Amino acid sequence: MIDILLKDMWSPIVFIIVSLLTALVAYMFYRIGDEGYKRTRHKGEPFISGNMPPKDPRMIHVGGDNVFWGFTHALRKYLDPLVKAHTGIINDYVYWMVITMALVLIYVYLLI
Amino acid sequence: MNFEEWTLRLLVILVLPFIGIFLGLAYKGFDRKISAMMQSRIGPPLRQPFRDVKKLFMKENIIPDHAVAWVFHGAPLFALIAPLVALAYLPLGPFEPVMEGYGDLILILYLLAIPAVAMAMGGLASGSPYATVGAQRELVLMMSYEFPLAIAAVTIAWKYESFSLAAISQTPVWSMVGPMGALGLLLIALGLFAVLPGELSKVPFDQAEAETELGGGLFVEYSGRNLGVFYLAEAVKMVVVGALLIALLFPHNISQWYSFGGPELLGVSVLGTVADVLFFLFKLLIIIYAGVSLVRVALARFQIDKASYFYWVPMTLLGLLGTVLVVMEGVI
Chain A
129 MIDILLKDMW
139 SPIVFIIVSL
149 LTALVAYMFY
159 RIGDEGYKRT
169 RHKGEPFISG
179 NMPPKDPRMI
189 HVGGDNVFWG
199 FTHALRKYLD
209 PLVKAHTGII
219 NDYVYWMVIT
229 MALVLIYVYL
239 LI
Chain B
703 MNFEEWTLRL
713 LVILVLPFIG
723 IFLGLAYKGF
733 DRKISAMMQS
743 RIGPPLRQPF
753 RDVKKLFMKE
763 NIIPDHAVAW
773 VFHGAPLFAL
783 IAPLVALAYL
793 PLGPFEPVME
803 GYGDLILILY
813 LLAIPAVAMA
823 MGGLASGSPY
833 ATVGAQRELV
843 LMMSYEFPLA
853 IAAVTIAWKY
863 ESFSLAAISQ
873 TPVWSMVGPM
883 GALGLLLIAL
893 GLFAVLPGEL
903 SKVPFDQAEA
913 ETELGGGLFV
923 EYSGRNLGVF
933 YLAEAVKMVV
943 VGALLIALLF
953 PHNISQWYSF
963 GGPELLGVSV
973 LGTVADVLFF
983 LFKLLIIIYA
993 GVSLVRVALA
1003 RFQIDKASYF
1013 YWVPMTLLGL
1023 LGTVLVVMEG
1033 VI
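Residue numbers (our numbering), protein chains in the order written: chain A, 129 to 240; chain B, 703 to 1034.
Hints listed in this document are in silico derivations from the structure and should not be mistaken for laboratory results.
Below, in silico cross-link-like pairs of lysine-lysine (BS3-like), each with a Cα-Cα straight-line distance of 25 Å or less:
{"hint": "1", "chain 1": "A", "residue 1": "K171", "chain 2": "B", "residue 2": "K757"}
{"hint": "2", "chain 1": "B", "residue 1": "K761", "chain 2": "A", "residue 2": "K171"}
{"hint": "3", "chain 1": "B", "residue 1": "K735", "chain 2": "B", "residue 2": "K757"}
{"hint": "4", "chain 1": "B", "residue 1": "K735", "chain 2": "B", "residue 2": "K756"}
{"hint": "5", "chain 1": "A", "residue 1": "K166", "chain 2": "A", "residue 2": "K183"}
{"hint": "6", "chain 1": "B", "residue 1": "K756", "chain 2": "A", "residue 2": "K166"}
{"hint": "7", "chain 1": "B", "residue 1": "K985", "chain 2": "B", "residue 2": "K861"}
{"hint": "8", "chain 1": "B", "residue 1": "K985", "chain 2": "B", "residue 2": "K735"}
{"hint": "9", "chain 1": "B", "residue 1": "K1008", "chain 2": "A", "residue 2": "K205"}
{"hint": "10", "chain 1": "A", "residue 1": "K171", "chain 2": "A", "residue 2": "K183"}
{"hint": "11", "chain 1": "A", "residue 1": "K212", "chain 2": "B", "residue 2": "K1008"}
{"hint": "12", "chain 1": "A", "residue 1": "K135", "chain 2": "B", "residue 2": "K861"}
{"hint": "13", "chain 1": "B", "residue 1": "K761", "chain 2": "A", "residue 2": "K166"}
{"hint": "14", "chain 1": "A", "residue 1": "K166", "chain 2": "B", "residue 2": "K757"}
{"hint": "15", "chain 1": "A", "residue 1": "K171", "chain 2": "B", "residue 2": "K756"}
Being a predicted model, the structure only gives us computed values, none of them experimental.
Required output: the full structure, derived from the provided sequences and hints.
Written as structure tokens, this is what we have:
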């Protein structure tokens, strides 16, 4: 008979049970805390170093157009040539494909 | 399926979070005290983190006007639940993982990634520019330290041909290698210690919070119990990461070297178990001192791109070199 708890494997059923029980305890801790707050005029405004936030909420947000800046900047020596290789010209992509295919075939030939 | 055994396991699962939170806060107290002493300050008393949580739980829980409320509230809970669940799959001192056989090292690595993702989600949902920048930094940092961490974990697991933490912690990995492999393991251990402050968002890898430039970053809009739960999550994560390092690198127990007499319970010496538990707590203290307190006192915060570079180039190369040495020893 197959053990439904999948002993000696990654068992999702056990994981769900453990997560639910732990979540129960964590939620209990969470419930101890004070729930709400007394609303006053400026309390819900975002912190912008003491400046008055702009009326349009869209102006408060920082765009996510380069979420991974630190990462791409740190590895720019590796990533810049890759970006440069993406010229958008179909001929270049075909060259890359032919070169890759040739390398793979040489490897397969050597292996056989 | 043994009913009594499972009842006991589930009971332990209910108790473990309390132990994890208590130990986490206690070690946070030690960390703060030791750091203060190294900086010639008196520092807060050891019980200060407990007081901090108590106070945070009494404070108002403010929700910013433009926040996505359910993500804003859910993030701290997810950040706390994940490391608490990880405790059930980790060997703690002389005790095997409570859920031994039902999850392994890979599961722990995934669970360790959840708090960082939850923190980033909470930051992005809080509708603040500082929190958004903090969340972006947290994601970059996570992408950076996961690679050397994975290399170290896979190399050690390769040596055992198993990802089971019970199997890994039964025989110390150092006893399975020769001089060349030991050198490789030393490099991997260095890599793991370098991951520790990044995983715990401590100086020099606290760019996501960066009080001096982002005013708390991710947590800038968090207050009251939400911030308190994040505080607890950070404390528990410290214990989980420390316990993981112990399981991978230093799973030694005193009872392996010295046989204790005295009364026995379930065929195991009570004195021996107590000594092993104390030894585990001591090892945890040493790891937190070496990997967190000492590093954060000695260094200043890195720029985020420097932190990313640090993990992706020197630490990854160090880890790979360690892996090659460990693997080559078996080949040569």
